[in-house]
Amino acid sequence: MPQTASLHLTNRLHIHIVLESESERERERGARMAEAVVLLDVWVSPFGQRCRIALAEKGVAYEYKEEDLANKSPLLLQANPVHKKIPVLIHDGKPVCESLVIVQYIDEVWSDGAPILPADPYARAQARFWGDFVDKKIYDCGIRLWKLKGEAHQEAKKEFIEILKVLEAELGDRKYFGGDAFGYVDIALVPFFAWFYTYETCGGFSVEAEAPKLVAWGKRCMERESVSQTLYDPLKVYEFVCSLKKKYGIE
Amino acid sequence: MAAVKLIGSPISPFVLRTMIALSLKKVEYELLPEKLGEKSELLLKSNPVYKKIPVLIHHDRPICESAVIVEYIDQVWPESGYGAILPADAYHRALHRFWTFYVDDKLFPSLVAIGKAETEEAKAEAVEQFRAGLRLLEEAFVKLSEGKAFFGGDHVGFLDVMLGCFVVWIEAMEEVLSLELLEEATMPALHGWVVSFRAHEAVKEVMPESGKVVEFFKMIRAMRMKAAADAAN
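Those protein sequence lines, which keep their order, are chains A and B.
Just so we're aligned: the first sequence equals residues 1 to 251 in my numbering.
Just so we're aligned: the second sequence equals residues 1001 to 1233 in my numbering.
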């Protein structure tokens, strides 16, 4: 083989080896970074999903740990001793609890990605207000739809439809609750989009009929990978709730 | 026309939160108290979702929910008066917000339950629950204060404001119900914190008089007992 050709080959081999070990280091670095961020969660939890969506929107690598709520891990009990609940984000060994606190934390720490909360103080206050509204209203009223019967059930149905209408009015004709940008309120609410089927089936109403703009918004959010990769099929959620009902002996 | 208006009065601990924040920032505002039992047009228009006080109106735009208002005040007037209310680093901000959730979600309802309890048993249970919550906050205070006077360290921070607003109500209930809720023996750090908090100039400016809160508490208790008696008849 001519001198130049073998030199050429050696150089290529050398570069190849260098590149290989660089990508190996990248992988290791990525893995180490992912270890620095851990999310304790349960697959179906809409609260956990808020965190997963926020992390995905920011492109943060993390380790997902599925908890068995009937058999909570020592890590969970240590990370959230006050409530012993998921989700918990553990960043460099430090636990952050409460899903909306976690979402704000993610937004503030990984600030080079697209902002979750708007910069303008008034817009930010509106976002916080509506995130809090979603937090206070949907889950608790939703539970009553599948747990209660008779009058109490009718009450819950009325209340739930009212909640949907208030959210529908707030959304208006905007693309997202954040306006043109997917943001905090969208993240707070969108996990419940996969629960709409459960709520309307247990509640005896149609979400589409009561809040068509909200349904259209949910579908738009599902076009985002962070959302479509996180939310489960509504039928799976319904199956889960049915199994809970059986467990609690509810018809 | 004042650029900053606040609907409510300091007898409400949630309104007091926002007044403490405005006082810390030395922001001038017009206070618009509501009449007991009546909701003004302005309130209904500014807070259609909850129809509750406090509502901050800044340049004619309403902001509702006390925690949201305090964060707004901190963001709009970052350096004014005594400086930042929210901690500088993200992790401490998360801790202050976590404990604020706890105060609003668990601690405050247990305080209300003490006031509403109709039997001795119910009262004792509510008192124990409330004290258990305070003991958690005692631990949190030791960690967050790092030996200084406040949850915010050497200055009044978010959790100081969000919890401190209940101090005068806790004291009023202790007096009227002859109870010790914030036990010096089991909660020495919180006890010390109450003294520091009450002594702060910005807090002194807006803290309602203990006597007024005692009278108000007695009045609403009487109203509630009368309503219960009327309902029973």
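Everything labelled a hint here was simulated from the structure, so no lab data went into it.
Since we're looking at a predicted model, the values are computed, not measured.
Hints may be right or wrong, so weigh each one.
What the hints assert, rightly or not - No farther apart than 27 Å at their CA atoms in a straight line, the calculated lysine-lysine pairs in the DSSO-like style are these: (1) B:K1212 - A:K158; (2) B:K1106 - A:K137; (3) B:K1052 - A:K137; (4) B:K1039 - A:K94; (5) A:K137 - B:K1143; (6) B:K1052 - B:K1212; (7) A:K149 - A:K136; (8) B:K1039 - A:K158; (9) B:K1045 - A:K213; (10) A:K165 - A:K58; (11) B:K1039 - A:K136; (12) A:K219 - A:K247; (13) B:K1106 - A:K85; (14) B:K1143 - A:K85; (15) A:K84 - B:K1143; (16) B:K1143 - B:K1106; (17) B:K1143 - A:K158; (18) A:K165 - B:K1051; (19) A:K72 - B:K1052; (20) B:K1148 - A:K94; (21) A:K137 - B:K1148; (22) A:K84 - B:K1005; (23) A:K219 - A:K246; (24) A:K157 - B:K1052; (25) A:K165 - B:K1116; (26) A:K245 - B:K1052; (27) A:K247 - A:K65; (28) A:K149 - A:K247; (29) A:K157 - A:K94; (30) A:K84 - A:K236; (31) A:K58 - A:K85; (32) A:K137 - B:K1212; (33) A:K136 - B:K1052; (34) B:K1106 - A:K136; (35) A:K94 - B:K1106; (36) A:K136 - B:K1148; (37) A:K165 - B:K1045; (38) A:K136 - B:K1045; (39) A:K149 - A:K137.
Determine which of the earlier numbered hints do not hold for this structure and return their numbers in increasing order. 1, 4, 5, 10, 12, 17, 19, 21, 22, 23, 25, 26, 29, 32 and 36
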